[in-house]
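Make a model of the complete structure from these sequences and hints.
One letter stands for each residue in the lines below.
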Amino acid sequence: MAAVPSSSGSTRCSSHPHPHQEMKLTITQLEQLKVERKVFEIYHLLSDVSPHAKSLMMELWRDKHIEFLTRGLRQLGPSFFVLDANRPWLCYWILHSIALLGESVDSELENNVVDFLSRCQDKDGGYGGGPGQMPHLATTYAAVNTLVTLGSERALSSIDRGKMYKFLLKMKDSSGAFRMHDGGEMDVRASYTAISVASMLNILDSVLIRDVGSFIQRCQTYEGGIAGEPGSEAHGGYTFCGLAAMILINEADKLDLPNLIDWVAFRQGVECGFQGRTNKLVDGCYSFWQGGVLALMQKLLSVAGKQSEASTLCGGLGSGESMYNMTSSTPGKLSDIGFSFMNEKTECGPLFHSVALQQYLLLCSQVLEGGFKDKPGKNRDHYHSCYCLSGLSVSQYSCCKDPRHNPPLPNEVLGPYSNLLEPIHPLYNVILDKYYKGHEFFSSS
Amino acid sequence: MSSDDGEERVPLSRRPEWADVRPLPQDDGPNPVVPIAYREDFREAMDYFRAVYLADERSLRSLNLTSEVIAMNPGNYTVWHFRRLVLETLNVGLLEERDYVDHVAEHNSKNYQIWHHRRWLAEKLGPKAANKELEFTKKILTIDAKNYHAWSHRQWVLQALGGWDDELDYCQKLIEDDVFNNSAWNQRYFVITRSPFLGGLQASRESEVSYAIEAIMANPENESPWRYLRGLYKNDIDQFLSDNHVSEACLKVLKSGHNFLFALSLFLDLLCFGFQPSDEFKRVVEGLRNSVASSSDANLATSVCNILETVDPLRANYWAWRRSTLPSIVC
Chain A
1 MAAVPSSSGS TRCSSHPHPH QEMKLTITQL EQLKVERKVF EIYHLLSDVS
51 PHAKSLMMEL WRDKHIEFLT RGLRQLGPSF FVLDANRPWL CYWILHSIAL
101 LGESVDSELE NNVVDFLSRC QDKDGGYGGG PGQMPHLATT YAAVNTLVTL
151 GSERALSSID RGKMYKFLLK MKDSSGAFRM HDGGEMDVRA SYTAISVASM
201 LNILDSVLIR DVGSFIQRCQ TYEGGIAGEP GSEAHGGYTF CGLAAMILIN
251 EADKLDLPNL IDWVAFRQGV ECGFQGRTNK LVDGCYSFWQ GGVLALMQKL
301 LSVAGKQSEA STLCGGLGSG ESMYNMTSST PGKLSDIGFS FMNEKTECGP
351 LFHSVALQQY LLLCSQVLEG GFKDKPGKNR DHYHSCYCLS GLSVSQYSCC
401 KDPRHNPPLP NEVLGPYSNL LEPIHPLYNV ILDKYYKGHE FFSSS
Chain B
1 MSSDDGEERV PLSRRPEWAD VRPLPQDDGP NPVVPIAYRE DFREAMDYFR
51 AVYLADERSL RSLNLTSEVI AMNPGNYTVW HFRRLVLETL NVGLLEERDY
101 VDHVAEHNSK NYQIWHHRRW LAEKLGPKAA NKELEFTKKI LTIDAKNYHA
151 WSHRQWVLQA LGGWDDELDY CQKLIEDDVF NNSAWNQRYF VITRSPFLGG
201 LQASRESEVS YAIEAIMANP ENESPWRYLR GLYKNDIDQF LSDNHVSEAC
251 LKVLKSGHNF LFALSLFLDL LCFGFQPSDE FKRVVEGLRN SVASSSDANL
301 ATSVCNILET VDPLRANYWA WRRSTLPSIV C
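Protein chains in written order, with UniProt numbering: chain A, 1 to 445; chain B, 1 to 331.
Misleading hints may appear alongside valid ones.
Here are the computed distance ranges between Cβ atoms for each label pair [said to hold, decoys possible]:
#1 B:Asp243 with A:Lys24: 41 to 51 Å
#2 B:Gly29 with A:Pro78: 13 to 23 Å
#3 B:Gly274 with A:Cys348: 37 to 47 Å
#4 A:Asn343 with B:Asn64: 56 to 66 Å
#5 B:Arg39 with A:Ser50: 31 to 41 Å
#6 B:Gly29 with A:Arg404: 28 to 38 Å
#7 A:Arg154 with B:Glu135: 32 to 42 Å
#8 A:Arg404 with B:Leu241: 44 to 54 Å
#9 A:Lys64 with B:Arg39: 20 to 30 Å
#10 B:Lys282 with A:Glu103: 57 to 67 Å
With a Cα cut of at most 30 Å, we get these calculated DSS-like pairs of lysine-lysine [unchecked claim]:
#11 B:Lys234 with A:Lys373
#12 B:Lys124 with A:Lys24
#13 A:Lys170 with B:Lys252
#14 B:Lys234 with A:Lys378
#15 B:Lys110 with A:Lys34
#16 A:Lys299 with A:Lys333
#17 A:Lys373 with A:Lys64
#18 A:Lys24 with B:Lys138
#19 B:Lys234 with A:Lys254
#20 A:Lys375 with B:Lys110
#21 A:Lys38 with B:Lys110
#22 A:Lys378 with B:Lys138
#23 B:Lys138 with B:Lys124
#24 B:Lys255 with A:Lys24
Keep in mind the hints are simulated off the structure, nothing from the lab. We treat Cβ as the ideally placed atom computed from N, Cα and C, and that holds for glycine.
In structure tokens, the structure reads:
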């Protein structure tokens, strides 16, 4: 079931250089060739081995991953001091990965996580990178997603939602965009993490969303993807953040969706994985950032189609009328958009090659000793483990119309079917069941 | 850990000027998760930092302490934030602070905090700082020509402080160095559309179209100039359709018979917007269709999607979706 694409379809800059240019390749081409060589070496190996060995190579080494992840939760070496202001992130990367693998931690460890995150919660709302650090939107997002992933009442009720709302409001700039922390930088990440947290906690309102949409709209570049700030380069991470935030505030139709889809579709390359920007190198973490965008798009294709048609007829984009009308599921409140979104119909398969992506993740990103890495030649870490597994889940379920009740078909899951992970809610990147549990909790309290 | 000048670092507990401060341990609780086995010097410096931070002591020794802590972990945004509060209170020389950031950034050029601090600093220094900031980003971009933070900072400097004069030349140089550097193309688009001295996209379109097409002809497999070319007609579909240069560039690459993916993709966009292809176009597409043996269709755009689906199997689903959403007026 190998999915090595034919070279005629390659879109990377190194493909078929003109003969007279081979002597004088640019840095981008040289770096690209180096990576392609390593990746194809692995794929060629795959085509030469017996079916049994092939199936072993395609296996997800669950026990090793759990071992690597659990160890990190209990103890990290001195070299982790560089992540001393990101400890809620470490909790999220590890616990979300464990949950994706269908496992959970024992109740003692779970209580320890809740207790630790409570120490990171600021007295005026929001979570910092460690006990006593200033609250920061990114670590707040990580802490909230971690607690939703744990899912116990103790975990969910440990979040001070009243103060959280005040914190979010304090991070909102007069322009409408959000700052990462008091006096901090303003970018699309900040908008997404603020909106995601507010939506998850059922505290999203018209004050918080004011002018967020126009900020994100200004960050969409001529290439089609979304940048961190207006003018910057289209980038996978910001594109996910921008699109997810736009959907959560019901303003996705303000983006040029056909152009966005085209840009993301072209980010998957001959290595089978995704790159983060045009002419940059493949990296396993973009399996989620870019793959996640196309997963979200599967529910927006009718809007994108209408935009294409409108631009053909009128010579320009949209008439300003909201095309993504969610009345089919009538969200009473802004915070319910994330809930309604999952009920929207998935009209067709993924717009990326999901089996090829799984091949890159299992063969090029997976580390046999446990954990995942960016690309061959790099080291594993918790960040890449989280986003490679998230991307793997997204691709396994990418043909599924109702992941909770109709699991994927065997041919949609590369390798043994036991590779199947838990499905996620792609707007928040938490396990789908945990999302529903959290949503119910925050809707009723 | 030894300090920069190679001397042995004296623990804070043994420095007389810190004798009056009681270090504040991290409140990790009895059973912390993701605990980091801090080295002793790191733990100690952080304990003293927590003490002055909590006491809001905006003193020179606090400033020096933030330097020490930042040297150990430049990702700690709380320390940077406190450093700014101290700097504002003490009214320390901003030029001195800039030298300090120059130094820290050399080894940490992909750290959000440093660039944010740099922006805060440059904003205080005003337009006279523009040149220095542009030089600084240039230095970082010499090491990594795609450093995202450096480009964002550079754009902010241009817009907030000025210094546009040589920017187009700079983009040109970087594109010459590496025509696949998409960040440089993005910067070029930024300059063309936003420089107060160039008259906007329309004024530059003709020359930019030629520039992009020249790059395309040299490397038709390079996606950057194709996206740039398409971007030059953003919000101006009429020009996109009527400008022969675009369709001629597509035709030329299609006729060559190889590395035509982006050309065919752009040709599909043209068709979707109502472009009326010449007989030659139809012949060339039919020739391609035959050579890759994809299914034929009376509708040209459908044929194009079929070819794309065949030659670009990685995006087969995408091209199938494009085929399913072809506007009814498309031929």
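Quick rundown of the hints versus the structure:
1. B:Asp243 with A:Lys24: 41 to 51 Å: violated (32 Å)
2. B:Gly29 with A:Pro78: 13 to 23 Å: Distance hint for Gly29 of chain B, Pro78 of chain A holds at roughly 20 Å.
3. B:Gly274 with A:Cys348: 37 to 47 Å: violated (25 Å)
4. A:Asn343 with B:Asn64: 56 to 66 Å: The hint (56 to 66 Å, Cβ to Cβ) holds, given that Asn343 of chain A and Asn64 of chain B are roughly 57 Å apart.
5. B:Arg39 with A:Ser50: 31 to 41 Å: violated (49 Å)
6. B:Gly29 with A:Arg404: 28 to 38 Å: holds (36 Å)
7. A:Arg154 with B:Glu135: 32 to 42 Å: At 54 Å between Cβs, range violated.
8. A:Arg404 with B:Leu241: 44 to 54 Å: About 46 Å separates the Cβ atoms of Arg404 of chain A and Leu241 of chain B, which means 44 to 54 Å holds.
9. A:Lys64 with B:Arg39: 20 to 30 Å: Taking Cβ atoms as reference, Lys64 of chain A and Arg39 of chain B lie about 29 Å apart, which means the hint holds.
10. B:Lys282 with A:Glu103: 57 to 67 Å: holds (58 Å)
11. B:Lys234 with A:Lys373: violated (37 Å)
12. B:Lys124 with A:Lys24: With a Cα-Cα distance of about 44 Å, the restraint between Lys124 of chain B and Lys24 of chain A is violated, given a limit of 30 Å.
13. A:Lys170 with B:Lys252: Not satisfied, since the Cα-Cα distance of roughly 56 Å exceeds 30 Å.
14. B:Lys234 with A:Lys378: Outside the cut-off at roughly 39 Å; violated.
15. B:Lys110 with A:Lys34: holds (23 Å)
16. A:Lys299 with A:Lys333: holds (20 Å)
17. A:Lys373 with A:Lys64: Holds. Lys373 of chain A to Lys64 of chain A sits at ~14 Å (cutoff 30 Å).
18. A:Lys24 with B:Lys138: holds (24 Å)
19. B:Lys234 with A:Lys254: Holds - the C-alpha atoms of Lys254 of chain A and Lys234 of chain B are around 15 Å apart, at most 30 Å.
20. A:Lys375 with B:Lys110: holds (19 Å)
21. A:Lys38 with B:Lys110: holds (26 Å)
22. A:Lys378 with B:Lys138: Measuring from Cα to Cα gives roughly 28 Å; hence the hint holds.
23. B:Lys138 with B:Lys124: holds (21 Å)
24. B:Lys255 with A:Lys24: Satisfied, since the Cα-Cα distance of roughly 26 Å is no more than 30 Å.
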